[in-house]
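Participant: Construct all of the structure, not just a fragment, from the sequences and the given hints.
Residue-level listing of the chains:
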Amino acid sequence: MNKQAQTQVKRKTDQPLNADLYKIALLENSVRDFLDSHDVHASASIFQKLKPKPYHFVYPSVWQIALRNLLPHEAMTPDFACTGAEQSLDDLLAHYVMQHPCVALPLSKNLSLIPVYKEKFIKAQLASKKQGEKISRRFGLAKSGFFSSIQPSTSWIYWLKSLNPNMRIVLCLRNPVDRVLDHWAWNKMLASEIMKDPIYDELPGLSATLKMEMDQTPECGNGMNFFIGVGATGYLRHSIYLPFIKELHNVFGSDSVMIVDANELKENHTEVIQKVYGFLSLPEYIPQKMENIGNPPERFRNLHDEQEVRRDLLDFFKPYNEQLYAYLETDFKWEAS
Amino acid sequence: MSQVVKVEKNRVELLEGAIEDYRRFYQSDSAFEKAMLLLRHQFRSFYFVDTPIWRVLARKRNLDKRVAPDFWLTGAIRSGTSSLSNYIFQHPSVVLPLSKELSTIMYQQYYFKAQFPKKLQVEKVRQHTGKALTGHATPSAPATNMIYFNKKLNPDMKLIVILRDPVERTISHWRWDLMKTGNLRKDPLWKYMPDFEQSMRIEMKEVKEMGCGFSLPNGSSSYLRHSIYGPSLELMMKEMGRENIYLVEAQDFFINTNEVVNGVYDFLGLPQCTPVPVKETNHSPPFDISEEIKQELASFFQPFNEKLYELVGKDFNW
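For the record, the sequence lines run as chains S and C.
Every position in the first sequence, counted from 1, becomes a number in the working numbering once 370 is added.
Every position in the second sequence, counted from 1, becomes a number in the working numbering once 4 is added.
Just so you know, not all the hints are guaranteed correct.
Unchecked claim - Capping the alpha-carbon separation at 30 Å, the derived lysine-lysine pairs in DSBU-like fashion look like this:
id, chain 1, residue 1, chain 2, residue 2
1, C, K298, C, K184
2, C, K311, S, K616
3, C, K122, S, K558
4, S, K566, C, K64
5, C, K156, C, K122
6, C, K122, S, K616
What the hints contain is simulated information worked out from the structure, not anything from laboratory work.
Facilitator: Here it is as structure tokens:
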């Protein structure tokens, strides 16, 4: 990063501090490494996945978690969670929040899901007290966060509560149609090697899958997503946001939940992120612009099918969006975008 | 079919033993017993579920000598698939796969194909009993991907779909999860996880609004949606053909076992055979449930059941 572009942080004492450039570079490189690992030979990709790193964009190596679990690693209690559904731009939100000098980095943005149902395995992936003390000494304050994409899983709301019943939650909501199409492409990218296997020959393509889900979802059927997202829940159900928000409000209280519109985050990141910092009681800081991260590369998209199904998806989501707007008293104008 | 065949006693014991060990593994508190069971698990001739990967890899080299499955017994988890599978797999004309269930994690053609017997084994059974079939009993509903995977394995595959009273199935699913996650639930991460009644009330509200529900280790999306059978059954009919699907109502099977099992044998074109009763080893642990929540669940499922009755042209009186 250009040194001239260094961002300024203000302590409560108004004494300006430089941004943590090492951390920002780490965040940017983690995404690059991850995307590169899908562009290289499979064996190189495994090497990438096993390589020890202080921060991983997606799922850290299991051995690294096991090691942190074995060695003394007292985790900070997470003060907040930044989350959303897969491809809701919660990755971008997470990296803006992590970029703040007072936020201690977890081992990964997306936690490993293999041993995830035990507290010690989750805590092994969160920032340590030692990291927190170091940050505190330098910037006067340290906070820890949880950043995985957990929407729409209801179970995760209760697991979060166990980590800290008083945590604050920042939830990123994206235009449901764009999110669904990116979820498909992202899944395709992650599973591109696996899906060359002949067993996938009969699986319907993008447009047929989404049409099938449009029929099945209102009848409470399951969908087709796998590999990423909340298992067997469907691409469409990941974009129906209201039930999850209601349960979040019910468990944490509506005052503890902040909703971020992904479009606004993309277009007006400084203002949006500063509001998020304020909500998380983080000191004033002007965030460094970050590229949209975690977006699936063009070659994994099916533009012809996307065009065909987009109109139907807009119609499908309209009633769900209207219910959401009414509940949150906010019109996200997703139909117009 | 004129030929009558007889069930072998050791086949029934093999089937019962596979489930028994699986259960013991989850219920045991003894690390030693678990280790012993895990060791035995490496060398079974038939698995209930979770075939060790090395066994599959060892069979990978002769995939072209193996047959594709002729049938797939399915339904949602805790619908009675395991019990019914014990009756189907005991038939002497059914050649056992390596595992009752295909993995629902490892989606690779070789992994599926390696589970099935060699052509030679099948031919031997055909010569002996006049007919030979193989298949699997993977309770994957309501997930949709297994429908397409099975279609790829054999587009003419016959399906036996078992449907259980949704309230009973949901309760049994919860109890089964309690057994599988009993130790896990003692972990501090689970301290706020709602109990059965709370969970069901949350899900009833969420499922109607197209929410997700509880995604727990066993059955990854919502207890209630696993009991809404219409959408996945409709998709099976569309993809595999209605004429290739045989429906079994679980209560009917539990009460009139021989009659129902003979119906399945006929559907599969198997020689006549008197099924041997199988020990019920796959039951869920006991659990107290109030009549009130049962009533709420029954009302919740009623409209979905009515749509199902219309789809299949039969009233199950749930």
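Participant: Each hint needs a verdict: does it hold in this structure or not?
Facilitator: Status of each hint after checking the structure:
1. K298/C / K184/C: With Cα atoms ~23 Å apart, K298/C and K184/C stay inside 30 Å; holds.
2. K311/C / K616/S: Satisfied, since the Cα-Cα distance of roughly 28 Å is no more than 30 Å.
3. K122/C / K558/S: 34 Å, violated
4. K566/S / K64/C: At roughly 18 Å apart (the allowed maximum being 30 Å), K64/C and K566/S satisfy the hint.
5. K156/C / K122/C: The hint holds at about 19 Å.
6. K122/C / K616/S: Answer violated: K122/C to K616/S is near 54 Å, above 30 Å.
Of the hints listed earlier, those the structure fails to meet are numbers 3 and 6, in rising order.
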